Amino acid sequence: MLRPAPGEQQTEASMQIVKNLSINRKIMLIMLTFLGFFLILGGHTILREREVLMELAKERGKMITAYLAEISGDAIKNYDFDLIHKYLMDVAKDEEIAFATVYDAGNNVLATTRDELRDKGIAEKESLIVRPIRSETLGEIGRIETTLSFRKVNEQIWRRALNYTIFFILAGMVVGFVARRIALAITRPLHLLIEGIEKVRKGDLDFKVQKVSRDEIGLVGQAFNEMREKLKETLGELQHHRQHLEVLVERRTAELEKSNSDLLEAQEELLCQKDEIEKNHHKLVETFKQLKQSQSTIVQQEKMASLGQLAAGVAHEINNPVGFIMSNMSTMAKYIDRLKEFDTHQSGAGMSGTTPESPEELQSVRKKLKVDYIFEDLPQLVKESLEGAERVKEIVQNLKAFSRLDEAGYKLADINECLESTLKIVWNELKYKCTVVKEYGELPLTLCSAQQLNQVFVNLLVNASHAIEKHGEITIRTWEEKSAIHVAISDTGCGIPEENLNRLFEPFFTTKEIGKGTGLGLSIVYDIVTKNHKGEITVTSEVGRGSIFTISLPVVEG
Amino acid sequence: MIEYDEQEKRMVVKLVYYGPALSGKTTNLLKLHDLLSREDRGDLMVLDTKDDRTIYFDLLPFFLVAPSGLKIKLKVFTVPGQVRHDATRKAVLQRADGVAFIADSQKAEAANNAESFENLEKNLAIVGLDIEKVPLVVQFNKRDLPEILPEEEIRRIWGPSGIPVQLASALEGWGVVETFRELVSRVYLALDHRYGLLANHRLDQHSFVDKLTTEVKR
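Protein sequence lines correspond, in order, to chains A and B.
Just so you know, we're using the numbering used here here: the first sequence kicks off at 1 and counts up by one.
Just so you know, we're using the numbering used here here: the second sequence kicks off at 1 and counts up by one.
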């Protein structure tokens with residue numbers, strides 16, 4: 001179960017297996033792990049030691065070879081190859097050298113112990129040591145090759161390994177025994193404890209766990225006993241509390257039932273109130289409707305009021321020419337009578353008989369009746385009357401143009417023309433109080449309701465004249481900018497206080513005396529400009545200096 | 001025999017410390033190594049073995065240049081003392097130019113000394129050297145130990161042979177340099193006789209010996 005798992009899942013799985021082991025097994029596992037660790041450590045140490053020993057043997061082999069080379073020189077010079085063989089054999093008795101061979105400069109074997117000592121030890125490739133044999137005066141005169149024997153090293157290592165294995169087996173036995181003892185020491189009291197706990201769990205609250213040991217488990221047992229005592233006590237108390245609680249619950253239930261019925265009553269009441277509120281709401285909606293109706297009525301009245309104002313002006317204007325037309329007409333009636341009389345005289349049908357009168361008589365009658373004067377005056381009278389009638393006609397035409405009764409709805413119109421006709425209508429209102437300066441710019445035609453816009457201009461112009469106390473100036477400026485038509489109407493009147501500026505376009509807001517204004521004029525203006533023509537209206541004003549109303553209308557091409 | 005190359009102006013001289021097993025040959029070389037100046041010698045080659053025995057040999061080289069420019073190299077060897085390494089002993093002894101025989105002064109070792117000396121005589125003959133001609137000195141070592149042969153007796157035995165005898169304690173360090181000095185002065189005579197060191201290379205015995213035995217100043 002400790003085999004290395006390549007995948008993480010497998011590692012987790014093996015961790016789970018370890019967790020599920022009993023304490024006994026866990027302790028065994030720990031001990032085994034330690035033993036395994038020491039086994040690996042021991043193996044490693046022995047291998048390392050072998051390396052070191054082999055290295056030492058090689059070093060020593062090199063030194064020995066150097067010595068052999070040193071004395072071989074003299075033997076070669078003496079041609080005493082038998083001696084070489086002898087001391088090679090002598091040296092080869094030593095355990096460190098497997099065999100050695102001496103060559104001369106021509107690579108001929110002078111002496112070797114190879115054949116005699118072949119079986120002496122393991123000859124390994126890297127254990128071959130070659131060294132030249134030199135003479136100080138003759139240079140290189142030969143070569144010696146020694147092959148090392150590692151038998152001694154290997155024997156040493158095997159002995160070491162054997163010792164270690166014996167030690168390891170003994171240690172394993174001791175460790176196993178100790179692990180078993182430790183596991184038992186832990187698990188025995190645990191089992192006793194578990195037995196006690198099991199009894200208590202089954203309801204035997206009077207069972208007392210005996211003192212199992214003096215360590216932590218013993219403490220757990222003691223604590224368990226105390227806990228069991230406490231539990232017993234607590235259970236008793238609990239029983240008592242439960243009874244008390246039952247009483248309390250009963251009482252509380254009764255109370256709750258009562259409040260519940262109270263609540264139900266309250267709910268019913270609330271429902272009644274809700275009905276009433278709904279009724280009120282209906283009433284309010286109706287009132288609102290009525291109010292809306294009243295508002296439209298008032299708007300109509302305002303229209304009528306401005307119409308009245310207009311009518312008054314128009315009446316005045318018409319009255320004048322009509323007056324002198326009528327006076328001329330009565331004069332002309334007199335003249336006609338006179339002319340009739342003269343005609344009678346002329347045709348002899350006068351008072352004196354049927355004969356025509358003499359030219360002298362006729363001449364005197366003519367003088368008496370001022371016939372010549374009449375003939376002189378008549379064309380004058382007709383001319384004057386015609387002029388008067390012309391004026392009346394003109395007024396009526398303007399009125400028509402103003403009201404545009406014949407062309408309701410949206411049509412292409414020239415705003416400058418609208419302003420001009422409006423001015424004619426309200427001229428009567430303005431002419432005594434102010435001079436009007438016109439600064440008309442070139443404007444494109446735009447699709448609009450001329451009737452409504454005329455109403456707007458009337459309102460603004462009349463307001464401007466009302467603002468002027470004695471005598472002032474009204475300037476009308478028009479221009480086109482950013483595909484919009486702008487109309488600015490400024491006056492040199494009293495101005496509007498700042499606190500009123502914001503409320504100016506509110507319906508029913510007025511500063512005039514009660515009965516003089518409805519307070520709807522500017523709100524209607526506002527509606528016409530912003531709602532009906534998607535335009536804007538702004539005011540700037542300074543008390544004592546005057547006000548400027550600016551209207552901007554987007555150009556709508558027909 | 002000596003290696004000598006007149007053209008290259010090189011000369012190699014071989015000296016051998018001979019003697020029975022455990023008589024102190026290696027200790028002699030170690031002391032020479034310690035006591036003599038570093039300038040004129042190389043490093044000591046010693047192959048350590050268990051139980052303090054030399055299986056192969058030890059080697060201490062010395063260097064010396066004559067006023068003529070002749071480069072002389074002295075190789076001082078020891079031999080393995082044990083009987084069974086006779087072949088190695090023979091190999092070392094070949095072409096020796098001088099021999100120091102190290103004897104053990106302990107009475108109990110007298111027989112071994114004699115046997116070893118006989119062995120020396122025999123081996124010299126085998127490798128073709130004449131014991132009468134090879135420069136030879138004898139050292140009685142281990143004078144610091146009890147139960148040793150008294151000096152008079154040594155003188156009495158060795159006196160007639162004409163071979164110079166030195167007393168020494170290699171372990172304590174005395175007598176070692178003296179033995180070496182005695183040996184090289186004798187070797188000089190042999191070399192001078194054959195190669196004319198004084199005549200050809202202006203190297204006299206005194207400076208030869210002194211150069212080889214300059215002690216480290218303490």
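Do not rely on the hints blindly, as some may be mistaken.
Unchecked claim - Below, computed lysine to any residue pairings styled on SDA-like, alpha-carbon distance capped at 20 Å:
1) B:K71 / A:D337
2) A:K367 / A:D337
3) A:K62 / B:L44
4) B:K107 / B:S169
Stated by the list, open to error - What follows is a list of derived Cβ distance ranges for each label pair:
5) B:G196 / A:R151: 32 to 40 Å
6) A:E155 / B:A108: 46 to 54 Å
7) B:R181 / A:R160: 47 to 55 Å
Because the hints were derived from the structure by calculation, they are not lab data.
Quick caveat, the model's predicted, so the values are computed rather than measured.
Built from N, CA and C at the ideal position, the CB exists for glycine as well.
These are the hints, each one checked on the structure:
Distance check on the hinted pair: B:K71 and A:D337 sit about 189 Å apart at the alpha-carbon level, beyond 20 Å; violated. With a CA separation close to 15 Å, the supplied pair A:K367 and A:D337 stays within the 20 Å bound. A distance of roughly 16 Å separates the Cα atoms of A:K62 and B:L44; the hinted pair therefore holds under the 20 Å criterion. Among the hinted pairs, B:K107 with B:S169 is consistent with the structure: their alpha-carbon atoms are about 15 Å apart, no more than 20 Å.
Look at B:G196 against A:R151: about 54 Å separates their beta carbons, and that is not inside 32 to 40 Å. In this structure, A:E155 and B:A108 break the distance hint of 46 to 54 Å, their C-beta atoms being roughly 36 Å apart. Judged by the Cβ atoms, the range 47 to 55 Å given for B:R181 and A:R160 holds: they are separated by roughly 50 Å.
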